[in-house]
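Peer 1: Sequences listed follow chains A and B, in order. For the first sequence, the working numbering gives the first residue as 14, with consecutive numbering after it. For the second sequence, the working numbering gives the first residue as 4, with consecutive numbering after it.
In short, the hints are calculated from the structure, not lab data. Treat the numbers as computed from the prediction; the structure is a model and nothing was measured. Some hints here could point you the wrong way.
[Stated by the list, open to error] Computed Cβ-Cβ distance ranges for the label pairs, DEER-style:
(1) Asp-269(B) / Ser-176(A): 20 to 30 Å
(2) Thr-203(A) / Glu-145(B): 30 to 40 Å
(3) Leu-115(B) / Thr-319(A): 14 to 24 Å
[Claimed, not checked] No farther apart than 20 Å at their CA atoms in a straight line, the calculated lysine to aspartate or glutamate pairs in the EDC-like style are these:
(4) Lys-73(B) / Asp-128(B)
(5) Lys-200(B) / Glu-287(A)
(6) Lys-75(A) / Asp-99(A)
(7) Lys-200(B) / Asp-171(B)
(8) Lys-149(B) / Asp-297(A)
(9) Lys-75(A) / Asp-103(A)
Virtual Cβ for every residue (Gly too), placed ideally from N, Cα, C.
Chain by chain, the residues:
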Amino acid sequence: MSDERDLVLRAEHIRVEYAAARPTRAVRDVTLELRRGEVLGIAGESGCGKSTLAYALTRMLKPPARQTGGTITFFPASGAPVNLLDLAGDALREFRWNKISMVFQSAMNALNPVTSLDRQFDDIFEAHRPQLDRAARRRRAGELLDMVGIDPARIRGFPHELSGGMRQRVMIAMALALEPEVVIMDEPTTALDVVVQREILDEIERLREELGFSVIFITHDLSLLLEVSDRLMVMYAGEVVEQAPAELVGSAPAHPYTFGLLRSFPDMRGARRELRGVPGNPPDLRNAFQGCSFDPRCEFRFAPCTSIAPVLLTAAGRTEASSRPAATGRAAQGWRVACHLHDPALRPAGPPGVLRGAAQDEVTVGTDSAGGDA
Amino acid sequence: MSVLEVANLTVAFGQRGGARLTAVDDLSFSLRAGQTLALVGESGSGKSTVVRAAAQLLKPSSGQIRLNGKPAGRRGRALRSYRHQVQVIFQDPFASLNPMHTVRHHLARPLLLRSGQQQRGAALDQAVYDLLQSVNLTPPQEVADKHPHELSGGQRQRVAIARALATDPDVLLADEPVSMLDVSIRLEILNLLDRLKQDRNLAMLYVTHDLATARYFSSEIMVMYRGVVVERGPSDEVILNPTHPYTQILASAAPDPAASRQALADARRRRQAARAARTAEAREATLDQGCRFRSRCPRAMPACADTPPSVETGPDHHALCWLYESQAGAASPAQSATGGG
Chain A
14 MSDERDLVLR AEHIRVEYAA ARPTRAVRDV TLELRRGEVL GIAGESGCGK
64 STLAYALTRM LKPPARQTGG TITFFPASGA PVNLLDLAGD ALREFRWNKI
114 SMVFQSAMNA LNPVTSLDRQ FDDIFEAHRP QLDRAARRRR AGELLDMVGI
164 DPARIRGFPH ELSGGMRQRV MIAMALALEP EVVIMDEPTT ALDVVVQREI
214 LDEIERLREE LGFSVIFITH DLSLLLEVSD RLMVMYAGEV VEQAPAELVG
264 SAPAHPYTFG LLRSFPDMRG ARRELRGVPG NPPDLRNAFQ GCSFDPRCEF
314 RFAPCTSIAP VLLTAAGRTE ASSRPAATGR AAQGWRVACH LHDPALRPAG
364 PPGVLRGAAQ DEVTVGTDSA GGDA
Chain B
4 MSVLEVANLT VAFGQRGGAR LTAVDDLSFS LRAGQTLALV GESGSGKSTV
54 VRAAAQLLKP SSGQIRLNGK PAGRRGRALR SYRHQVQVIF QDPFASLNPM
104 HTVRHHLARP LLLRSGQQQR GAALDQAVYD LLQSVNLTPP QEVADKHPHE
154 LSGGQRQRVA IARALATDPD VLLADEPVSM LDVSIRLEIL NLLDRLKQDR
204 NLAMLYVTHD LATARYFSSE IMVMYRGVVV ERGPSDEVIL NPTHPYTQIL
254 ASAAPDPAAS RQALADARRR RQAARAARTA EAREATLDQG CRFRSRCPRA
304 MPACADTPPS VETGPDHHAL CWLYESQAGA ASPAQSATGG G
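Modelling step: build the complete structure from the supplied sequences, incorporating the hints.
Peer 2: What follows is the structure, given as structure tokens:
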């Protein structure tokens, strides 16, 4: 769909099931593209399949989880594209951490408590860089700690001697140890305080500017994601319901669920406004959905929602022409949403004002009409 | 009028082979009927210790607690009565409900104890259903017979709230009541607490690390740093015009989805420059003398080596900081941190 030259990862039609008498279909046909140097944010509440998707992208699913469909292609900076699903054994081990690394949720607890940091760095280098001798390994580990703002003298220390934020920095240093092209971060700052969280985010952004890796950033905290990512995917019940430039979606969500999530965050600085969350509970992922998975919780539901499953369409009122170009110069992708409100065939009048990006339309009066896209 | 008054509360813990750790240092506050006071701070600042001491779940090193004007009962029947009046909602609804018991059991027990075993049979069932109804768990007859594992996190927290209401308390201490819950349901729980507070004229302490919800759901905010309240005042004042450097850092650290990319990048560079100016060692240091925040403070000065004064920086708005000392000296000398009780 877009130019392959700046793509680093493409996953198409990913499906993951957790095996059981009635399998849980945690990821249902998710397609994503990650461009070189960009931060792709994935948002959604717990159980929406976002972590499972991350594990699928790194081929780390363990039974009972099983990928039941889809392809994952990695485009290295040099060399031919790699089909991740073809990798096995040593080839897969060689690929992980070298090309794609991951910072886990509760990474604070992912360090081995009874082993010093230098031993843990050694493990990485012995497995992936056997040519490095002891002195070189030590030097590189020191560099990495220094890079994430930790005194290299700490290298002989143990995890319990570090604060939560420092442990998180060590995890990030480890993820970057082999200079991967893609780093997947699953809730990297969730267990941390706002101030420490801010420091870690600043650190990630600085390192990304220096080293140029791409990031898939997964969190339930949409307000944070709007700030750190270039593009945003919102997941609900194992599916992508909206895909949008992060800079714009905060003020003009297209999907009712995104709208609800945004409304769940009180604005600290602006005027006080009415606060509602998204009433109801997410659906049971063991079930097949008739129609839209969000239908029971949706305040904008109408007749087709109960019977027809929505697919990703270009969002009404947000063709590429009407959205402002991204300030960073990274090409903005089309704004897509899986909602019948945006389907001109089912809803000729177009979506209600709040989902149409009314504020934007007012700025660009006459240049764009709702529902005028393919 | 104030329902619960806590005066000069100090809680210190012994540490193996070291000095005592003062988790809460000379803290005073009062809760008024129908109002929420928010207690904000990072983890380890002593927020939960304040809750536990106020609920008399731990014994403070010093300090007085008065409930409805009378000294709080400390043991026996008087303590039981105090606990009926002052209820706690804990952070983790997965841990605070017994997995072996039904929702009915969780709610019936406090009702039985409260009524001295008088409320029984159909009347007890009805009281359980009324409680479930009041926290919007419907249909109550069905929910009552479920076990905790059959409920979502939000539903469990509603059960925990219903249980807290079972003794018809005057004071509710909510310790991070939504931080374990999904973002999409946090607001529902907070809105529920807010409505219950109004309907039942509860005095509420809302403990949180989230400045934004503190602003929305409380009339007054106290910001705590390492056991000490460094700033307090009307919530909009504290959040929109923070005066203590720590509150300023907290407020600026919160994500701001409305900011432009350029503004974000500029702010990031400013923070990085400021951080580089201080060494990592200094940030980690723990100080017992003087201002506890000075090792992290971007505006630290020599005076900070002495314990800072509480200065009125606005109407009912106090900050514990040397920065405002000169203005205060002229305007209102020796303002006490306790405020009007």
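Peer 1: Each hint: holds or not?
Peer 2: Results for each hint:
In this structure the supplied range 20 to 30 Å holds for Asp-269(B) paired with Ser-176(A), their Cβ-Cβ distance being about 28 Å. Range check, Thr-203(A) to Glu-145(B): Cβ separation about 33 Å, and the 30 to 40 Å hint holds. Checked against the hint of 14 to 24 Å, the C-beta distance between Leu-115(B) and Thr-319(A) comes to roughly 45 Å, which is inconsistent with it. Proximity of Lys-73(B) to Asp-128(B) is assessed by CA-CA distance (about 34 Å); at most 20 Å being required, the pair is judged violated.
Distance check on the hinted pair: Lys-200(B) and Glu-287(A) sit about 18 Å apart at the alpha-carbon level, within 20 Å; holds. Straight-line distance between C-alpha atoms of Lys-75(A) and Asp-99(A) comes to about 17 Å, which keeps the hinted pair within the 20 Å bound. Between Lys-200(B) and Asp-171(B) the CA atoms are separated by roughly 12 Å; this keeps the pair inside 20 Å, and the hint holds. At roughly 18 Å between alpha-carbon atoms, Lys-149(B) and Asp-297(A) fall within 20 Å of each other, so this suggested pair holds.
Taking the CA atoms of Lys-75(A) and Asp-103(A), the gap is about 17 Å. The hint holds against a cut of 20 Å.
Consistency note: the structure conflicts with the earlier hints numbered 3, 4.
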